[in-house]
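**Student:** Take a look at the letters that make up each chain.
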Amino acid sequence: MRDILSRGVASRLTPHASPSTVKIVARFSLSFPWLIAAPIALLTLIPLLVVLSSFLNPQAEIWAHLTNYVLPDLLRNTFWMLIGVATGVTVLGVSLAWLTAICEFPGSRFFRWALLLPMALPAYVMAFTWLGLFDITGIVPMWLRSEFDLILPLQMRSRGGVILVMVLVFYPYVYLTARSAFQGQGGRLIEAAQSLGISPARAFWRIALPLARPAIIAGLLLALMETLADFGTVSLFNYDTFTTAIYKSWFSLFSLPAASQLAGLLIIVVLIAVLLEAQMRANRQFAESVRSPVKATRLVLRGSVALAASCWCGFIFLLAFVVPMVPITIWAVQSAVQDLDVRYWTFAGHSLLLATLGSLLIIVLAVLLAYAQRMQNTFAMRIVSRIATLGYALPGTVLAVGVFIPVAFLDNVWININQWLWQRETEQIFQGSLLVMLLGYCARFLAVSYAPIETGLQRISRSMDEAAQSLGVAGLQRLRRIHVPMLRTSMLTAAALCFVDIMKELPITLMTRPFGWDTLAVRVFEMTSEGEWQRAALPALLIVLVGLLPVIFLNHRDSVRGMR
Amino acid sequence: MKRFLKAILPIVLSVSASSVAITVHADEIVVYSARNEQLIKPLFDAYTAETGVKIQFITDKEGPLMARLKAEGKNTPADILLTVDAGNLWQAVNEKLLQPIRSPSLSENVPENLRDPDYNWYGLSVRARTMVYNTAKVKPSDLSSYEALAEPQWKNRLCLRTSKKVYNQSLVAMMIAEHGEAKTEKIVKGWVANLATDPLADDTKAIEAVANGICDVTIVNTYYFGRVMKKDPQLPVAIFWPNQNIANQEAGVHVNVSGAGVTRYAKNPEAAKKFIIWLSSEKAQNLYADENMEFPVNPKVKPVAAVAAWGSFKPNLINVATAGELQAKAVMLMDRVGYK
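Quick note, the sequences are listed as chains R and A, same order. Just so you know, our numbering puts the end of the first sequence at 564, numbered straight through with nothing missing. Just so you know, our numbering puts the end of the second sequence at 340, numbered straight through with nothing missing.
Excised from the complex, chain A in its bound form (with noise of 0.2 Å):
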């Protein structure tokens, strides 16, 4: 033990002592991400490899994200904030996290609803939150809106995943923004209601208790149809745009975003700027939403076979940054009307 001791000790205190620490030179951009890493690491290769400039990066949930950088201030070595879902953006504007920046070709790539309306931040990749349905069980035309999904003739057929999940959270908060408070509350009952099982933890738990035959309708992000379908191409699933044939000309498919903005204190902002609208760009937009079946942002890049197949669909057109705005008014709704 001794021996051992006298061995590892000072091993142990060299290592530790050492900082492995952050060295960040002048033409290097910081990215804190909560994208994962296997989402964006091809994209920061291929920028490397095109402009030179070197990536660093530190990837973790947006919630540590945040308040890591908060708690840096001034002195934080992160130049760019990348995070999923419009949500946590919105708070990073809130928490005063982000500064603006302005650039045509960003205006041009990123559709109006898609992007802060103060510039702080610009979405990268559409993510459709819509219905998926058992197709031996519904035909398509029962189908219409989200809405709809509350009324009696669903009771026992609906899943759902978690409210504790920020993309249900988005998604009523959404309704909110379209219908007030009051009926939103209505209509999120009327689903809690219909519910064949509890919440389930996830959208692919939710996709195969559909498949199987537990419930007949669903609401989930489409990349996981992609994923679930990809495994096993047969499943008696399939895709349901709601919401296309609503006077309200807003109206459409809930749509989310992952997105970037400016850190306030960035070390770099000329450089990370310059990173956000190559991002944007149609050369980097299909190698950012590809890989994990989402859309593109940019209206001039088409997405991947696999995705265009599912059709298109009109997006809700309200701007995402309401999600945030609106998310503890939503979440506070669902734990009122019990959906767990």
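One chain only, chain R, in its complex shape (with noise of 0.2 Å):
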């Protein structure tokens, strides 16, 4: 026993790339995962260079004035909220991923997929809901006022007000990057350490939280993409980012040139940290020994332990859910007798039409592409699929715009040869299409599914695919057949990321849209474009009951699993 569990942790920890094979594999497919993974990049790539062409009309003079009364204090805003978004999401979700991945208690079943509900909830939204609730002029400190005469020293119109909201809606992220890595591992690896008299909790900090480390990194990176690319809800808070100085440059400085340049910057830097942390484990392996369909065996919690671990997932789901839900739910009633007509069919339909499509398409790229960069896993792969993925920390307006407008070129080259040879007057056969719009949502939402599917495909061995080789099986027939089954839960995963996104996205969808054709999100956008929140909790309500889908997906599958 003690050999094959040490041989089998051995395999897990030791970092072993094994140079011999991808060379091989390289040298076997040379163009290949170019072939793959350049067009896809492009996606992202030709938004990208819109944005970056900016620099060439200098903006001096806003700049001077940014740079002396605007950035010091934005950048520093900027730093302190992703440090404690960071520290929070990271906490938040790998304590939830871990206890619901890996442990019984009473409840655990029910928080398992209870815990991504706050996901489906738009960050702006809950940040409105929680100022209504806690804000000076909010519900409880006015009751609190009145009854107790109590004044609560804490503002929530603060940056720690900001980080708390961002927290309670971005852990989903890190929380299902990592209990799927959790999932992968096991509770085989706790017995094992047990039977080695290692307790749950060593073995935790040793060997499963180091195991996980990538799928942790790569969600956190994704709540820290969203929270530098976050308009909403800092301006609900009235707290000043980086992304304020980009809004601020185009709609109040009139400078679309300068906030393209800011976003440009901004773009830069989280291209460094992408790639710096993909370097990091660029040469490391974190493959595990096959897996056996063994039903996973759960650590049973008990007595006290077992009630922290209920309090603690209930606490979360409490705030990050529960919370914001009843006001939502309270006004969506009031105002469902005013605005709920039969229309509302039809924002659902196209709201789920475009987050399926959506996120199928985003799917099938982001393996492509991760398989791409497992074949040729060079710096100059490296670099490319991280461009591809960098559309997620673009303010969403910005991004829009650089859809748009290469968009908007093909159209004029279309109707102007139309023009010139054959004298006909043509439309737009591009812009308003739903191909224009789902590759928009590409561009903005690759990193999303990118990020679990490449962590899942690191853990597959690369034996597999050289075994696959010996036999005959290659390129996209061995991904087929190899790599897609065994990424199955990654892939849902990813997948159901991106249907919520997309759910909740409004700058693409506002801007490509078809006439007349509106979705959920976008009628949030009509009523709070006014100021009147009360009237977008009936959408918000819908988006949430329709983002509902895919979890209920999940959490089935996973049952059905857990059964057999």
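Keep in mind that a hint or two might mislead.
A partial selection of chain R residues facing chain A, derived with a Cβ cut-off under 7 Å [what the hints assert, rightly or not]:
#: 1; residue: V70
#: 2; residue: W250
#: 3; residue: T397
#: 4; residue: E530
#: 5; residue: G531
What follows is a list of derived Cβ distance ranges for each label pair [stated by the list, open to error]:
#: 6; chain 1: A; residue 1: K137; chain 2: R; residue 2: P106; range: 50 to 56 Å
#: 7; chain 1: R; residue 1: L353; chain 2: A; residue 2: K231; range: 31 to 37 Å
#: 8; chain 1: R; residue 1: A273; chain 2: A; residue 2: A306; range: 49 to 55 Å
#: 9; chain 1: R; residue 1: Q477; chain 2: A; residue 2: G52; range: 58 to 64 Å
#: 10; chain 1: R; residue 1: L353; chain 2: A; residue 2: P100; range: 40 to 46 Å
#: 11; chain 1: A; residue 1: A148; chain 2: R; residue 2: L75; range: 34 to 40 Å
Just so you know, the hints here were simulated from the structure itself, not pulled from any lab data. Here the structure is a predicted model, which means the values were calculated and not measured. Using N, Cα and C, we set each Cβ at its ideal position, and we do this for glycine too.
Put the complex together from the two separate chains, hints included.
**Tutor:** Take a look at the structure:
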């Protein structure tokens, strides 16, 4: 037993890059990975280049103003916000993932899926409800003041408040990626450790956590990219971050070039960060030995430990889901009398269609891209695959313009060619087509599905590739027959993340949708643009309800598998 | 998984390839609107019912709409840009996105200070940015002008919405037009020194803060006040019209507009012009302004009863286009004095 165990753990822990394998694979299909990766990266690269081209148009006056009066504060704010959110989502995400993936305690089955629910809430909606409840004129402080003459020492509208709200919406990214990593390790790891006399706590710190690190960091990067790109939440808190400077330059100082330049800088910083992260684990492997379909055993918690676990999960669920959902539901019911009509079927249908098609397309692209990188694990390839995922860190509206400008350009070319050759008046063919919307979503959300898929792929041992290769199964066939079946969990995780993100997506939808083609998120926008937040609760609630579909699906799959 | 993909992939491909796109017919008008759907759709429907002219529209924020018009260039399907705030309309002219239209009825329906001096756009509803005070803590006689809120007697008694909202940028821009930059900077600095709490995210929050005694007075658009009062008529807040008895003939309550212009490359400029004239006419003005409790721009049209109940006021008469021209200056000024 000891022998098997040590071999097992060793194979998981030893970072063994096998350069010879990599080289063989690389030589076998030198151009093939590039043929896959390059077009996918172009989807994001083109909008990024549009954004970066703004540097050709210097905005000296605005930059002088920004650096003197605006940027110093904003950079400090942004820095502390990132630190706070990073700490918060890691602690919440990892602890909840560990508890629900490995342990058994009262309510653990419920929390396993319920803790995903906050993800379906748009961040700014969460912010609005929290502010409505706890801001100085909010329901709770007003009630405390009138009943007990008590004034809370903590202000909701503060750095701490922003961080709290962001952590509550964004922890599911870490939770999901970490949980699928812990699930992959399975309870056997802990059993094995226990048989060696290592306590579960030590096993967690010494074995499970280091093994799950790539997945955790991948989820963390997603949460941080989303934090950086956020505008809705910080503007409700009037907390100025780097995004504030971007929108200030564009909407207030009327300089789209200056806004794009700021966004360009943001992208370069993020690119460096993600490359560093990729570099850090480029030469390490976190592969597991082949998984057997044995039902995962769980660590059964008892007594006060079990109670503490239930309380912790329940507390987070309460803060992140129950607290915002109570006012949303009340407002939604109130405004339903006035606003709910048959059109909502269409809105929900459109949202569902876009989210389904979009997430499918993104999953396919993400798997191909990750596979290309696996086949040719070079620095150049890493840069290309990282560029493909950068769209997520750009403030949405800036990216939307970056997507729109090339599309409008193509349409103009098309129209002009028609006029020139056939003297024929034509209309735009790309603009307002679903294809453009979907490609826009790819540019924005590829990161969301790439992260879990890449880390999932990394957990598959390279020896599998070699074995397949030696049997003459290579290229896309190998991907389909070997990797995709093993990646199923990661792919579903990725699809669920994309699905809810597309449900919530606004700027690209607004900019590229056909006439009269509204979605639930667009309804939220229509209401909030004139400050009618409570009327926005109805479409927001529907977003959550439709967003539940993939969560239920994931959960159903999990439990079916668990029973087998 | 495979079966699922097999079933769904053909659908994916066919749907994404099918361009649901833009099919605009000759007699249709296409509107790009930053004014939200529930405020404009009833008007479009009414116009279609009356004239048979169909209206296609798309809503988005002003910035993206203008970027979109610019990228589409000569081939834009849009005939009309409908947006909120004179600053944005000014910017549309600045970016050469609109074309002038002239008509006697437009000149008659829209007062001179509420339209572009070069006829590129016309205001369609008036939004007054005024003061709201706590009736238990402030006597109306204590209040006089926006400028006076900078005086030390208002220390810790003032609430303001964030300077990032264009409404405040326009207000400060118009003050620059009236007083010059140096004096305005002093006034805004005074405001910031008098703040009782950090600037708030929206006008509704500012009114709630006043009603709950966090501060005594604030500056907001009237329709937010209307909305709050409709929900809770008992609140101890009231409207005050500032800058009424000032020697300067042009001074008065700060007003802004929502308005529209015909796009430079409109396919259907004549129909678009007719529609804008119709929007400014007596028939349409109440429909346009009332739903959001704004003031009609057409002097012959009375506001809805709830709005009329706030009393009449003398508006500032400087052309609202000035707000756009001076907006960048105003924003930089507010940044300098630390108005967040």
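**Student:** Each of the hints needs a verdict: does it hold here or not?
**Tutor:** Consistency of the hints with the structure:
Interface hint at R:V70: satisfied, since its Cβ lies 6 Å from the closest Cβ of chain A, which is below the 7 Å cut-off. Checking R:W250 against chain A: minimum C-beta separation of about 5 Å stays under 7 Å; hint holds. With a cut of 7 Å, the hint placing R:T397 at the interface with chain A holds, because the nearest CB-to-CB distance is about 6 Å. For R:E530, the suggested interface contact is upheld, since its CB lies about 6 Å from the closest CB of chain A, less than 7 Å.
For R:G531, the suggested interface contact is upheld, since its CB lies about 5 Å from the closest CB of chain A, less than 7 Å. A beta carbon spacing of about 52 Å between A:K137 and R:P106 agrees with the range 50 to 56 Å that was offered as a hint. A hinted range of 31 to 37 Å holds for the C-beta pair R:L353 and A:K231, which are about 36 Å apart. At roughly 53 Å, the beta-carbon separation of R:A273 and A:A306 lies within the given 49 to 55 Å, and the hint holds.
Checking the proposed 58 to 64 Å range against R:Q477 and A:G52 shows it holds: the Cβ atoms sit about 60 Å from each other. As the Cβ distance of R:L353 to A:P100 is approximately 42 Å, the hint placing it in 40 to 46 Å holds. At roughly 37 Å, the beta-carbon separation of A:A148 and R:L75 lies within the given 34 to 40 Å, and the hint holds.
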